[in-house]
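Asker: One-letter residues, chain by chain:
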Amino acid sequence: MTTTAGTSARGQLRSGTGAVSRAQQRARMPADVSLILIGACFVLPLLWLVFASLDASAGHETRLPGRVSLENFAAIMTQGLLFQPLWNSMVLSAGTAAVNLVAAVLAAYPLSRYQSRFNKPFMYTILFGTCLPITAIMVPVYGLFVQLQLLDSMPATIFFMATTTLPMAIWMTKNFMDAVPVSLEEAAWVDGASGLTALRTIVLPLMRQGLGVVFIFVFIQAWGNFFVPFVLLLSEARQPAAVSIFSFFGQHGAVAYGQLAAFSILYSVPVLALYVIVARGAGSSFALSGAVKG
Amino acid sequence: MAVSLGRDRSGHRRRRPGLRRQARLLPVLPAVVLLLVFLAGPVLWAFHASFTNAALTGRNARSPGWIGLDNYARLLSDPVLPLSLGLTVLFVGGSAILGQNLLGLTLAVLMRRARRTVAAAVGTAVVAAWVLPEIVAAFAAYAYFSRDGTLNQMLGGLGIGQTDWLYSFPMVAILLANIWRGTAFSMLVYRAALNDIPGEVTEAALMDGAGGWQRLAFITIPMIRGSIATNLMLITLQTLAVFTLIWVMTAGGPANASTTLPVLAYLEAFKFGDIGYGTAVASVLILIGVVFGAAYVRLLREGKP
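The listed protein sequences derive, respectively, from chains A and B.
Residue 327 in my numbering sits at position 178 of the first sequence, with consecutive numbering throughout.
Residue 603 in my numbering sits at position 238 of the second sequence, with consecutive numbering throughout.
These aren't lab readings, by the way, just hints derived from the structure by calculation.
C-beta atoms are modelled at their ideal positions from N, C-alpha and C, and glycine is treated no differently.
One should not assume that every hint holds.
Stretch by stretch, here's where chain B covers chain A in the computed footprint (C-beta under 8 Å, at least three residues) [stated by the list, open to error]:
{"no.": "1", "region": "222-236"}
{"no.": "2", "region": "283-292"}
{"no.": "3", "region": "299-313"}
{"no.": "4", "region": "415-429"}
One side of the interface only, derived from the structure: several residues of chain B facing chain A at Cβ under 10 Å [claimed, not checked]:
{"no.": "5", "residue": "Ala411"}
{"no.": "6", "residue": "His413"}
{"no.": "7", "residue": "Arg556"}
{"no.": "8", "residue": "Leu559"}
{"no.": "9", "residue": "Asn560"}
{"no.": "10", "residue": "Ala582"}
{"no.": "11", "residue": "Ile584"}
{"no.": "12", "residue": "Met588"}
{"no.": "13", "residue": "Arg590"}
{"no.": "14", "residue": "Ser592"}
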């Protein structure tokens, strides 16, 4: 951080002399400094997580651990504390993403390929559905689950969580599908293949990356969801990490902050990794256009 | 996340009997069933249940009775409701419309001027707070604002008196935490919008001698008006629904001082076991969401060329 001034001065000497670039250079230093200050404010709360996880006697305060140790990580590496909840999260999130993807692909195909007077009203209704505050419907959903005796059911929770992200998934899937040119399917249609065959053999393979983005997007949301499983899954054996970490925080009397931080980090790593994959790959997922030219 | 209606694929239309044309829509069915059962159903059920005395336990749990507008009458006379409504408006207005929106725009503008490495590093830090699971972000914020947390450590270092933020100023702590958590979204929206402004426009303004602030006020902001409106709508809806962050940091306390509508609905329904009354609170929240959702859809429809 301290080298910023020096290198930016060198950058000024090197770059061009147009009016735009000169103005940009004048604005560069203050912009760098203010950005770094704001960035520091964003990093500060996260530092606690990292330091506390490595500190066997961590509290609320942020401090460099006197003696770096992996004790916290070792302490939580048990079946009941870490692996079972993470496995539950995995089942819940992968199940949610899978249900989502199947329903979204099926729905997006006719919407993308055939013209119908239902298309636009349907898409706008879906768009409207993305706006519903899910928090607000948790009380009625709980009521519904009680009536149907679905409380504490993993499949039912998966279907509900899939539905909450389904509107967004249908929008994304349709946009990705629109990017696959229809002309590629025409040959298959002429050969007598049905729409769904064309979807399976031609469209889906071409929008593989788009599907990956939708899957990961839904997976990340489900993985981080606390409120839905908190309300719908009651038994400890079924609770995902988001919920078990909360009881870990509340019920174990004196909170072991170091372990809490270690758990938080292990629980966060998968979504951070998946996000990086999406952020890296987003640019290349639209590189299909070449298929028509060739 | 800018959403746009894609083109309809009409390139391949052959004459087919009407029935077969309807059959083509069959694949939409699973999605429609899910949406009806798990989304439209609960919303309708909510409006129904808000007219009953449904409870979590006891006799009213098995056979809830119809009590008409009683819940809403109670809601209107409940002193907690105006407080909760006010806190919700404060939360959305302060952390989303002012905080996330303005900070996101500021970051996006600064990032265009700053060196690329600095912009990338700071962007990563801002996005990290947003990508983390909500409950982890909430723990981090809790530790940051707690009595012996990072904020007080820094204030102490500067020789400024320390306060128990979560107890004395719970809304301040929650507002700041939500700005920290949610600004990335606005930042990403505005970065994309700013990238879409053609370079010639900025260059022409520079030639005419417009300063930085003038360019921002008369060129940049008018040109990204659409993105600003979309962003405001989306972050309002997102912030309206925030529960976990508040629940972990203060659980709505102390003494309702940070009880926004989602927290109030949860408390009434699950802590006090009054499902009917809790659903009435939730219905109010759904109605607010419906109004903003409808406005958002209209905005996008009109924005289309």
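Asker: How about the region 222-236 of chain A: do at least three of its residues have a C-beta closer than 8 Å to a C-beta of chain B?
Answerer: violated (count 0)
Asker: Quick check on Met588(B) please, does its C-beta sit within 10 Å of some C-beta on chain A?
Answerer: Violated - the Cβ of Met588(B) stays beyond 10 Å from chain A, reaching only about 17 Å at its closest.
Asker: Go check the region 299-313 of chain A versus chain B for me, would you? Three or more residues, Cβ under 8 Å, otherwise it fails.
Answerer: holds (count 5)
Asker: Taking the least C-beta to C-beta distance, is Ala411(B) closer than 10 Å to chain A?
Answerer: Holds, about 4 Å.
Asker: Quick check on Ile584(B) please, does its C-beta sit within 10 Å of some C-beta on chain A?
Answerer: Violated, because the Cβ-Cβ distance from Ile584(B) to chain A comes to roughly 13 Å (cut-off 10 Å).
Asker: Please check whether Asn560(B) passes as an interface residue: C-beta within 10 Å of a C-beta belonging to chain A.
Answerer: Hint violated; Asn560(B) Cβ to chain A Cβ min 13 Å, cut 10 Å.
Asker: Count the residues of the region 283-292 of chain A whose CB lies closer than 8 Å to any CB of chain B, then report whether that count reaches three.
Answerer: holds (count 10)
Asker: Verify the interface restraint on His413(B): the C-beta must sit less than 10 Å from at least one C-beta of chain A.
Answerer: 9 Å, holds
Asker: Can Arg590(B) be said to touch chain A, with a Cβ gap under 10 Å?
Answerer: 20 Å, violated
Asker: Holds or violated: Ser592(B) as interface residue toward chain A, Cβ cutoff 10 Å?
Answerer: 17 Å, violated
Asker: Hint validation: Arg556(B) versus chain A, beta carbon distance must be below 10 Å. Holds or violated?
Answerer: With Cβ-Cβ at 13 Å, over 10 Å, it is violated.
Asker: Using the nearest Cβ pair, does Leu559(B) come within less than 10 Å of chain A?
Answerer: Check failed: Cβ of Leu559(B) comes no nearer than 13 Å to chain A, outside 10 Å.
Comparing the model with each numbered hint stated earlier shows that hints 1, 7, 8, 9, 10, 11, 12, 13, 14 do not hold.
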